[in-house]
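Chemist: Sequence:
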Amino acid sequence: MSDKACSLDASVLRISDGAPVKVTFLNAGNSGHFVGFYSMTDGVFQDVKALFAHVGADVLIPGVSSVFLGSRLNDKTPVFFVMENGHILNRDEAWFREAATGHGGSWKFLKPASQKDAIPALHQGKIIWRKQNGEAIEDAQDADLNTKCPVLVWQSNDAQVYVAKGRIFHSQGYGSHAQLNPDQQHRFCVVPQEDGSSVELDFIDVPSQTKELSFNLQIGERNFKALICNRIVSALTLPKIETAISSVVIEIPDEFEDTLYIEGYEDQKKLTDAGVSFVTEGSGTNRLVITGEADSGVYEGLLSRVKIKTAASAAAKCDVRVIFKTEKEEYAVTGQADIFSEKAQGEDVPAGLTLPKTFPSEKELPPRGIADILPLPKGSTDDLPSFLTQPVAVPSAVKKPNGKTVLITGGACKRGSAVAHAFAACGYNVIIHCNTAVAQATHLVEDLQQKYGVKASYFRADFNSYEETADLIPSVTKTYGVIDVLVCHAFAFVKDESEQGWNENMAVNLRAPFLLTRLFALSLPKGKEGTVVSVFAQAPQELSSYALSCSSLSGLTALAAEAYKNKIRINGLAVAGTPTDDSQFRKIAETTCFLAENPLVSGQVLKIDMGGSSEKKTSLF
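Numbering (numbering that gives the first Met the number 0), first residue to last: 0 to 620.
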C-alpha cells in the first residue's frame with residue numbers, strides 16, 4: 000500500500016459563479032489526442048468546443064499553452080472529453096482542418112443511429128441519419144447523460160455534417176454515467192492545488208494508474224472552496240489498495256448534528272457507479288456504510304461524492320475516519336475536513352481552508368500561465384483578459400429567435416451583410432447565398448450566431464448558371480426546411496456590352512430574381528404565406544444592359560405581386576446613390592426588414608436616395 004495525494008472524480012466539479020475558467024496544458028504521455036469541452040445543464044450538452052485539437056509535448060508548451068472557457072459557466076457542470084488519437088485519425092480530412100479551429104461550423108454530440116454504418120445529413124433544418132444510398136432512416140437526436148457512447152459530429156456552415164473518428168471518453172463517464180464511455184479503462188480526476196484557486200485535471204489509464212494527459216484548470220477561489228468544502232476526501236490521504244475492496248465505512252463524531260450523504264444519491268439505498276452495484280446504509284447519520292466489490296479507483300470516485308451536511312455557520316473542522324475492507328485486511332485513514340453550512344456558503348465562503356500536506360509544493364508546480372513567467376502590471380491581480388472578466392453587454396434591440404428563416408442572395412459583403420444583421424436582430428434564422436465570397440460568408444455566419452443566438456448558414460451558387468440558380472431554393476428547402484422571406488440582393492455590374500456582359504447582367508440582375516421568386520412560391524406549402532423583397536439600384540439614365548436589367552426589376556415586382564397575390568407579398572427597394580458609411584447601410588437594411596414584415600404593403604417599389612453620383616454604383620456590391 001502506498002499513499003497518494005487527494006484526488007476527486009472529475010464529475011464533482013461545478014462552476015457556481017462567473018469566474019473565468021482557464022485551461023493550461025501540463026503534460027502528455029503521447030501525442031495525437033483531441034481534447035474538447037462542453038457544459039451541462041439538466042443533463043443537456045451545451046456549447047461543445049475543441050480545446051486542443053492536437054495534444055502533445057511536441058506541439059504544446061507545458062504550463063503556457065492555454066485556452067479560456069470564458070466567464071459564462073454560472074451554475075453549470077464543465078465536462079471535458081478526450082477523443083483518443085483524434086488528431087491522427089481525422090487530420091487528413093478537409094473538414095477537420097476548419098473544425099479543429101472551431102470556425103465555419105459547430106460541434107455537437109448525437110445519440111447513435113439505430114442502424115450500423117448510418118451517415119448524418121442535414122434535411123429540412125434537422126440532422127437525420129440516412130443509409131449510404133441516401134435513404135432516410137430516422138431523425139438524429141441530441142445526446143444526453145443517458146446516451147451510450149455519444150457520436151461527435153461537426154456541422155459546417157455550408158450544411159454538411161461529418162462524424163469524427165476516434166473513441167471518446169467523457170469526464171462525466173466513469174462513475175454514475177459509465178454508459179457515456181466506450182469502456183472503463185480511463186477516467187478523469189481533479190487534484191486541488193495549493194494556490195487555492197486551481198485544480199489539476201488528469202486523464203488516467205485505470206489499469207496502470209498512469210497519467211496520459213494533465214491540465215491545470217484555473218477555476219477561481221469561490222469555486223475551489225465550494226469544491227473541497229464539506230467533502231470528506233479533501234481531508235484524507237487515500238490509500239492505494241491493490242486488491243478488491245468489499246466495503247467502506249465512513250464515520251464522523253456523533254456529538255454534533257453533522258451527517259453524511261452521497262451527493263446525487265441522497266435518498267437511495269442502492270446505486271450503480273462505474274458499472275458496479277452498491278448498497279448503502281446510514282445516509283443522513285454520522286456513520287455511512289457502502290458495500291460492493293470494486294477496485295480502489297471506483298471507490299475513490301464514489302467517495303468523491305460523499306459530503307458532510309452541517310449547520311455550522313462559520314468555518315470549522317470535522318474529524319473523519321474511513322475504513323476500507325478487503326477480503327483479508329482493513330485499512331483505516333483519518334483526517335479533518337473543512338465544513339461550513341451550504342446555506343451560509345451562499346452568503347459567504349469560508350477563508351483559510353487547508354489542504355493535505357501530501358500536495359506538491361508551490362515550487363514544484365509548473366507555471367500556470369504567461370503571468371507566471373512575465374510579471375503582471377503593477378496593481379494587477381490576475382492574468383485573465385478583461386473581456387473575460389467584464390459583464391457581457393446584450394443589445395437591447397436584439398429580439399429572441401422567432402423561428403422564421405430568411406434567405407439573402409448576395410448577402411456576404413457590404414450592404415448584404417448589413418441586411419443579414421438586421422434580420423438576425425429581429426430574430427430570424429439567416430441563410431446567406433454567395434458565389435465567390437465564401438470566406439466573407441463564413442465569417443458573417445459565425446458573427447450572426449454569436450451576436451444574436453440565431454441559426455445561420457450559407458449556400459454557394461453561381462447565378463450565371465441557370466442550373467445552379469434553379470437549384471438554390473430546392474436545396475435550401477431540402478436542407479433547412481421552408482423559408483419565410485426571400486431577399487433578392489445579388490447584383491452584377493458589367494460595363495462591357497459584349498455578349499458575355501449582356502448575359503451576366505441579365506442572368507444575375509433579372510433572371511435570378513425571376514427564377515427564385517417563382518421557385519419560392521412553389522416551395523411554400525398550402526396555407527403558408529411568404530415575402531419577397533428585391534433590393535436593387537435605380538437604373539442610371541443610359542442605354543446599357545445593366546440599366547435595362549435594373550429598370551426591369553420594377554416591372555418584375557409588379558407582375559409577380561399580382562401573380563402571387565394570394566400567396567406572397569412582393570416589394571422592391573430601389574437605391575439611388577452610393578452609401579458611404581455604416582449608418583447608410585443600416586438604413587437600407589432596416590427598410591428591407593420593414594418591407595418584409597409590414598403585412599399591408601405589396602407590389603410596391605420604394606425608392607430611397609443615399610446621395611452621390613449614380614456613376615459610382617459599382618461600390619454598392
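Incorrect hints may have been included.
[Said to hold, decoys possible] DSBU-like cross-link-like pairs, simulated, lysine-lysine; straight-line CA separation at most 30 Å: (1) Lys566 <-> Lys586; (2) Lys413 <-> Lys403; (3) Lys268 <-> Lys324; (4) Lys525 <-> Lys477; (5) Lys525 <-> Lys110; (6) Lys75 <-> Lys164.
To be clear, the hints were calculated from the coordinates, so they are not data collected in a lab.
Chemist: Are there hints from earlier that the structure breaks, and if so, what are their numbers?
Modeler: 5
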